[in-house]
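*Asks:* Knowing the structure of chain A, use the given hints to seat chain B on it.
2 protein chains.
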Amino acid sequence: MSKPKVFEKPVGVKDYLPQAVAKLRSIERSVLTCMESWGYRQILTPTMEYYDTVGVASSTSDKKLFKLLNNRGTTLVLRSDMTAPIARVVSSLLKEEPFPIRLSYHANVFRSIEEEAGREAEFFQTGVELVGDETPEADAEVVALAIASLKAAGVPKFKIAMGHVGFLNGLLEEALEGRIEEQKALKELLLNRDYVGYKTLLGTLDLDLAVRGELEGILRLRGGQEVCDQALMLSSNPEAQASIRHLCSVWEVLQDYGVCEDVSIDLTMIGDFSYYTGMTFEGYAADLGFPVCSGGRYDNLLQQFGRPAPATGFALKTTRILEVSSRYADREERGRVLVLYSSPARRDALVYAEERRSEGKEMVETRVLADGESGERRDWLADGRYSDVVVFK
Amino acid sequence: MSKPKVFEKPVGVKDYLPQAVAKLRSIERSVLTCMESWGYRQILTPTMEYYDTVGVASSTSDKKLFKLLNNRGTTLVLRSDMTAPIARVVSSLLKEEPFPIRLSYHANVFRSIEEEAGREAEFFQTGVELVGDETPEADAEVVALAIASLKAAGVPKFKIAMGHVGFLNGLLEEALEGRIEEQKALKELLLNRDYVGYKTLLGTLDLDLAVRGELEGILRLRGGQEVCDQALMLSSNPEAQASIRHLCSVWEVLQDYGVCEDVSIDLTMIGDFSYYTGMTFEGYAADLGFPVCSGGRYDNLLQQFGRPAPATGFALKTTRILEVSSRYADREERGRVLVLYSSPARRDALVYAEERRSEGKEMVETRVLADGESGERRDWLADGRYSDVVVFK
Numbered sequence: 001m002s003k004p005k006v007f008e009k010p011v012g013v014k015d016y017l018p019q020a021v022a023k024l025r026s027i028e029r030s031v032l033t034c035m036e037s038w039g040y041r042q043i044l045t046p047t048m049e050y051y052d053t054v055g056v057a058s059s060t061s062d063k064k065l066f067k068l069l070n071n072r073g074t075t076l077v078l079r080s081d082m083t084a085p086i087a088r089v090v091s092s093l094l095k096e097e098p099f100p101i102r103l104s105y106h107a108n109v110f111r112s113i114e115e116e117a118g119r120e121a122e123f124f125q126t127g128v129e130l131v132g133d134e135t136p137e138a139d140a141e142v143v144a145l146a147i148a149s150l151k152a153a154g155v156p157k158f159k160i161a162m163g164h165v166g167f168l169n170g171l172l173e174e175a176l177e178g179r180i181e182e183q184k185a186l187k188e189l190l191l192n193r194d195y196v197g198y199k200t201l202l203g204t205l206d207l208d209l210a211v212r213g214e215l216e217g218i219l220r221l222r223g224g225q226e227v228c229d230q231a232l233m234l235s236s237n238p239e240a241q242a243s244i245r246h247l248c249s250v251w252e253v254l255q256d257y258g259v260c261e262d263v264s265i266d267l268t269m270i271g272d273f274s275y276y277t278g279m280t281f282e283g284y285a286a287d288l289g290f291p292v293c294s295g296g297r298y299d300n301l302l303q304q305f306g307r308p309a310p311a312t313g314f315a316l317k318t319t320r321i322l323e324v325s326s327r328y329a330d331r332e333e334r335g336r337v338l339v340l341y342s343s344p345a346r347r348d349a350l351v352y353a354e355e356r357r358s359e360g361k362e363m364v365e366t367r368v369l370a371d372g373e374s375g376e377r378r379d380w381l382a383d384g385r386y387s388d389v390v391v392f393k
Numbered sequence: 001m002s003k004p005k006v007f008e009k010p011v012g013v014k015d016y017l018p019q020a021v022a023k024l025r026s027i028e029r030s031v032l033t034c035m036e037s038w039g040y041r042q043i044l045t046p047t048m049e050y051y052d053t054v055g056v057a058s059s060t061s062d063k064k065l066f067k068l069l070n071n072r073g074t075t076l077v078l079r080s081d082m083t084a085p086i087a088r089v090v091s092s093l094l095k096e097e098p099f100p101i102r103l104s105y106h107a108n109v110f111r112s113i114e115e116e117a118g119r120e121a122e123f124f125q126t127g128v129e130l131v132g133d134e135t136p137e138a139d140a141e142v143v144a145l146a147i148a149s150l151k152a153a154g155v156p157k158f159k160i161a162m163g164h165v166g167f168l169n170g171l172l173e174e175a176l177e178g179r180i181e182e183q184k185a186l187k188e189l190l191l192n193r194d195y196v197g198y199k200t201l202l203g204t205l206d207l208d209l210a211v212r213g214e215l216e217g218i219l220r221l222r223g224g225q226e227v228c229d230q231a232l233m234l235s236s237n238p239e240a241q242a243s244i245r246h247l248c249s250v251w252e253v254l255q256d257y258g259v260c261e262d263v264s265i266d267l268t269m270i271g272d273f274s275y276y277t278g279m280t281f282e283g284y285a286a287d288l289g290f291p292v293c294s295g296g297r298y299d300n301l302l303q304q305f306g307r308p309a310p311a312t313g314f315a316l317k318t319t320r321i322l323e324v325s326s327r328y329a330d331r332e333e334r335g336r337v338l339v340l341y342s343s344p345a346r347r348d349a350l351v352y353a354e355e356r357r358s359e360g361k362e363m364v365e366t367r368v369l370a371d372g373e374s375g376e377r378r379d380w381l382a383d384g385r386y387s388d389v390v391v392f393k
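Protein chains in written order, with full-length UniProt numbering: chain A, 1 to 393; chain B, 1 to 393.
Same shape as in the complex, but just chain A:
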């Protein structure tokens, strides 16, 4: 155990100073307002959940969960996402509420990590879950809302990549029937966007040349509607076919939303395949090497909480969006006013400060003049901290 120095905070967590907080709050407010206008209402759940329920059901791998013990010796986790907690609420507090249920959230989530990796142990997500609707319209709604949310967040340029885990599952099962470990290894490589590794592994597998060509070919399956048409011919596996047809339907709804120019189909995009069961998507901002949002369909989660239901949703990676958002803090331009007074003038100064605050446009600080301090307005304006100084003597 290394003893931390006095000022230290734990590795992987951050302090946000006022300017960053104002920007974060502004993004949060815009995005939640956007989500609400689509019918998604915000909920809050506890930071701590039971490991045996929400911890196990979450898509986060066990070793990345922060665990702690409560007074009874039961293992708790710090929530690693909001999807599993919302599934718990939908199945308990909201169990009488008819489907579809639309919920939104803005929350900090936690990932235990190798500290050396320089990754964040606590960060913010803003997202939605649409529970109880299995239609392509529901999948398209969350993609279209993700686009609207990224715009509301002030992300200047982005692109959504959309895929379907069922297509790859079907294709690989057809090509590598029953060879589960090899299928899994290939999917891991695609998940990590290691296309060189994917091709290399394909080269070492015992495969028919034509099949190898098809499996390599999916790396080129990116674009619009035409990708669906090509993919339909690539595999006769029923799961792959059904997946592509669903994806084509989602695409058609997105056309009706008028957002297809922000979306491309990418059949190598599978997301966390142990968790997602259908359409998956990620959003990429220009000049950022990591996704700013991710989501998809997870039809198997709710049954773990006793209320089986299809579900789809997404989360914005709000902490990352802070770095790229063009959105200025609402109050960044707010004036900072100093009302300086000598003791005999105190009442007049405090009354004046209160009046000026009530106009709602400025931050108004008051200060009693100490012995030896200048009572000259220009001396206090000189260092540039204040937009205005008023002196009561």
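Derived by calculation from the structure, the hints in this document are not laboratory data.
Don't take each hint at face value.
Since the list gives no way to pick out one identical chain from another, each pair is judged satisfied if it fits inside one copy or across any two copies.
[Claimed, not checked] List of simulated lysine-lysine pairs, DSSO-like, C-alpha gap at most 30 Å:
(1) K23 / K95
(2) K361 / K159
(3) K63 / K157
(4) K187 / K64
(5) K95 / K361
(6) K23 / K199
(7) K361 / K23
(8) K14 / K95
(9) K23 / K187
(10) K95 / K67
(11) K64 / K184
(12) K361 / K157
*Replies:* Only chain B this time, still in chain A's reference frame:
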């Protein structure tokens, strides 16, 4: 270890459904806006802190801290308040910033508790810290801001009780010189507002009758300015005298703020005496048995982080205020609109929904008509969930 049931969440933590969240958010926004108009800007700090620094420095007793280990085997705590984290930030990230520094926060904090006690393990606080100002004006500012914040939060009726830990310290040291354990026991009883226990204990102590009368007399020391005058005569101990003089000065500033009708001096009000060093106060709402805010001066905390400085502040107990606030959720009256469509009319329906959302007044949900579902507007209006239904066929 008892295995939790599927739907369970840990004891002592809560889910907040949309209506409660809307109210909480509305209170949070009003209070933070009020604080900002007084020059307090919001900061965010991590949920987890090092036990050896912030954990030890916090005013929360060790057994009430939630502890966990990070990957390196270092003990972390879930923050139990925001005062110690802010002291850390003022002494590190903000160490070049000149005093006074005004900061605000809205945060969830954590207390490990005996689960059977039915108390909350996670709750919200909204507060300020004013660092680097030792004047009575600074103490009065935070009291006046607490009053403005409680009004902004929609607490309909409340009263601030204000005391000074130095007065009791001085008075007890004079009466029970060097009898530290007895002094501590008496203070514990006052802290817990156990006045009967306090009198009983006084009766068992070896005390001069006149002194006992004085120590009982402080229970009656409540009111306005006149209490200060009486208290000045009660003890000749220098610490007690200096404390009362400071408190009188604070009272005079509060008169200039015009808020004295909301405040009474209560010299039994000592707050957490291991932590506070000067003026302390609590706010009580009508019909609630517990304080809705608490605060005071803590001049010894900052030096633990290497930047010695006087400081004063308070926290609203926002979770409790939720129960008494008259403030309605901003959006409670927001209409909930359903745009229902058959597939051929999808584009028209989605375009219409988007237009209606962009007016910014309503929540607009869309839904494709499933086989066998009614396309009649009145059928969808019948259950009262929607304020309006528009059908596209």
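*Asks:* Decide, hint by hint, whether the structure agrees.
*Replies:* Structure-based check of all given hints:
Proximity of K23 to K95 under the C-alpha cut-off of 30 Å is restricted to the inter-copy arrangement: shortest distance 22 Å between copies versus 36 Å within a copy. Taking the closest pair of Cα atoms, K361 and K159 come within 30 Å of each other only across two copies (29 Å); inside a single copy the shortest separation is 37 Å, beyond that limit. Within a single copy, K63 and K157 get their C-alpha atoms no closer than 34 Å, and across copies no closer than 50 Å, so neither meets the 30 Å cut-off. When the C-alpha separation of K187 and K64 is checked against a cutoff of 30 Å, the pair qualifies only within one copy, where the shortest distance is 20 Å, while the shortest distance between copies is 46 Å.
For the homomeric pair K95 and K361, the shortest alpha-carbon distance between copies (28 Å) is at most 30 Å, but the shortest distance inside one copy (45 Å) is not. In the homo-oligomer, the alpha carbons of K23 and K199 never lie at most 30 Å apart, since the shortest distance is 43 Å inside one protomer and 54 Å across protomers. Proximity of K361 to K23 under the C-alpha cut-off of 30 Å is found in both arrangements, the shortest distances being 18 Å within a copy and 24 Å between copies. Taking the closest pair of Cα atoms, K14 and K95 come within 30 Å of each other only across two copies (16 Å); inside a single copy the shortest separation is 37 Å, beyond that limit.
In the homo-oligomer, the alpha carbons of K23 and K187 never lie at most 30 Å apart, since the shortest distance is 38 Å inside one protomer and 45 Å across protomers. Taking the shortest Cα distances, K95 and K67 sit within 30 Å of each other inside one copy (28 Å), while across copies they are farther apart (34 Å). Taking identical chains as interchangeable, the C-alpha atoms of K64 and K184 lie at most 30 Å apart only when both belong to the same chain, with a minimum of 20 Å there against 45 Å between chains. For the identical chains of this complex, K361 and K157 are inter-copy neighbours only, at 28 Å across copies versus 32 Å inside a copy, given an alpha-carbon limit of 30 Å.
Hint violations for this structure: numbers 3, 6, 9, all remaining hints satisfied.
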